[in-house]
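Asks: Chain residues, written in single-letter form:
2 protein chains.
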Amino acid sequence: MNPSGDEYQSLEEGEVGLVTPQDFLLSAPFTFHNGSRLPGITIRYETYGRLNDSHSNAILICHALSGDHHCAGVHGVTDRKVGWWNHFIGPGKAVDTREYFVICTNCIGGCQGSTGPSSINPETGRPYGLSFPRVTIEDMVKAQAQLMDYLGIDKLHAVIGGSMGGMQVLEWAVQFPDRVDRIVPMATTACQSAQAIAFDEVGRQAIITDPKWRGGSYLPDEGPDVGLAVARMMAHITYLSDEGMAQKFGRSRRASEGGGANQDPFDVEFEVESYLRYQGQSFVNRFDANTYLYFTRALNLFDLPGRDSDRRLDRVFEIVKARSLIIGFKSDWLFPPSQNRDIVHALTQAGKQASYAELEMEMGHDSFLLHAPELYDLVRGFLVSPNLVQS
Amino acid sequence: MNPSGDEYQSLEEGEVGLVTPQDFLLSAPFTFHNGSRLPGITIRYETYGRLNDSHSNAILICHALSGDHHCAGVHGVTDRKVGWWNHFIGPGKAVDTREYFVICTNCIGGCQGSTGPSSINPETGRPYGLSFPRVTIEDMVKAQAQLMDYLGIDKLHAVIGGSMGGMQVLEWAVQFPDRVDRIVPMATTACQSAQAIAFDEVGRQAIITDPKWRGGSYLPDEGPDVGLAVARMMAHITYLSDEGMAQKFGRSRRASEGGGANQDPFDVEFEVESYLRYQGQSFVNRFDANTYLYFTRALNLFDLPGRDSDRRLDRVFEIVKARSLIIGFKSDWLFPPSQNRDIVHALTQAGKQASYAELEMEMGHDSFLLHAPELYDLVRGFLVSPNLVQS
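Each protein sequence line maps, in turn, to chains A and B. Residue 263 in our numbering sits at position 277 of the first sequence, with consecutive numbering throughout. Residue 120 in our numbering sits at position 134 of the second sequence, with consecutive numbering throughout.
One thing to keep in mind: the hints can contain errors.
Stated by the list, open to error - Among chain B residues calculated to face chain A with C-beta under 10 angstroms, some are: (1) S52; (2) K141; (3) F185; (4) G230; (5) M231; (6) S238.
None of these hints come from the bench; they were simulated from the model. In this text, a Cβ means the ideal position worked out from N, Cα and C, and glycines have one as well.
Pulled out of the complex, with its shape left as it was, chain A reads as follows:
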């Protein structure tokens, strides 16, 4: 079986094509939600399409835990790795770059160019490590808003994202109600359940207990790869579904089955084991362990209902002005449909326009990242729908 986590594919006609990431350097101090401050930050981002004269056609894409700013196109003729949402964004696609100016940032705290724990602290000349301030979803959105200021975008036509990206989408609607017309949160939650927090915690423990983690002060290329790979393997199971894995792997064995007296008894025996090991290994080549810690903690801390003293999400949403299309996936057991429906119900209770779709795709939480014509149609229609003013 061909592991399909990081797929390389050739570009077809109608693709975004070559893209060059850019860096937004904010030289003013950035104050985090917990009061910590950095003298300046960098936000790496990509854009596709063209900003119109009225600056009214901008769409912000928000990435999930392991994503980054590269969501469409390719970086070069020799670097043909397409962006993680390339089938969703491009000329003529669901998010049509002939119509919209699309922006995607690497979140603050990230490891793909934006300032994060692996960035060099100018005061010490070494990576920040754990001296990096605690990062929250609020901080990610605040940094994105400063990039919007820089780009001259007062109001976004839409903000779209899944999972941790969906949390940012919700945060945009609440933190900057006047700056976003439409939101599309997918496969997300207004606050994680104990089970989701628990999985994140085990991933963190795998990293933190790796001797190479060194209290977060590891050097580049000497990080806790083993712990990070285990964390990723486990998390990857939670992104799929029982039925999806049954279809994809079942109980298929590798060609050389174990059990012989002279064979390594814990070598790969089932296809699913091979797949997971590949997922773990490929992840450590592209991701920073401390960012993994920071981002999973940001997921845990996101608690929209907690902003009301009675934990009433509808009250938290009273401020929202954006129209919303919420999308849940039946087979998603990490941020299950019920948690997506809670968002819809609270928005509706607060008197907001909110549509909900629950898709039947079988691949679990990661369904939002897959080829999904039904999803494309929903989003395409929502983006062109008239912009009704809300109270």
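We have chain A; now place chain B onto it with these hints.
Replies: Coordinates of chain B only, in the frame set by chain A:
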């Protein structure tokens, strides 16, 4: 919150009381399912109640992955840790020790007294480690049968167990159809799904990649505790349920919440994290990492449908003579109700007497270990039901 994994409780009236584990030394060679052979093995076991004159009142209890032979009573006045199924087994309880002679063994490959990878290899004077033969559910049952021979028990009144114990129960019915009258498999499966195999594999990877594992050749007290704790933490989540964890922990915080600039940012923040860390730590104090590897592999390899060329479980069950009571738990997503129902359907298709109960308990896979009056009534009734001869 008081972590409740290993509960200490005082014995009440009607308890089994003081119990002394015994060792069964099989001095003849033991041949494993894969053809490997050991010159002799030890099986540690406990018994409660009295074997009647006709030797017809024996019930075998089979333990799950992390269990052992100590399923009822206490070992001493100073060692008051009660057996893992103490509320289920005892005078007047569901498995009534005034009526039945109850036996529970530590499975072969285990680490609580039975021969396993941490046992000393007489040829080298060091623990077997990975030179220990591959262990299967078939081997566990074969070793138990040899103990039954030694105890003079030709036929068991019943075999009862959950999870990996449930696999042994099914294996008894198939491997020794003439030696068991009734079977009670709970929260189990005739073969694991890809998702369950995947979780086991991540646990193994956590152990194997711990530098202290040393290819399985670690010395006692110098084992891969860190990897084993991570494996246990992850597995523990799969033994519970989303709703169960929501009820038990929700999003409760520890008293000292993180986020301050000077605090360890990845210290315990949520109650569920504290609970999981406790589960991981207490497990390494009582369990051997290599046994964890061997037992999880035994779980993966168990494949009853695979014994028929068309994977027809009903054909595999044609040989069964025991009556069965299968019990699934609605909230169990590791070995979900559908997999328990598959067993019932196949037994019924094969023309066997099979009853099925699906209990509403909310604590997931581990529900079978909890206080459950409905479960007690079911089992109590099934054990006294008339023994109809089957074809």
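Asks: Give a verdict on every hint.
Replies: Evaluated hints:
no., hint, in the structure
1, S52, "violated (16 angstroms)"
2, K141, "violated (32 angstroms)"
3, F185, "holds (6 angstroms)"
4, G230, "holds (9 angstroms)"
5, M231, "holds (4 angstroms)"
6, S238, "holds (8 angstroms)"
Violated hints, listed in ascending order, are 1 and 2; each of the other numbered hints is respected by the structure.
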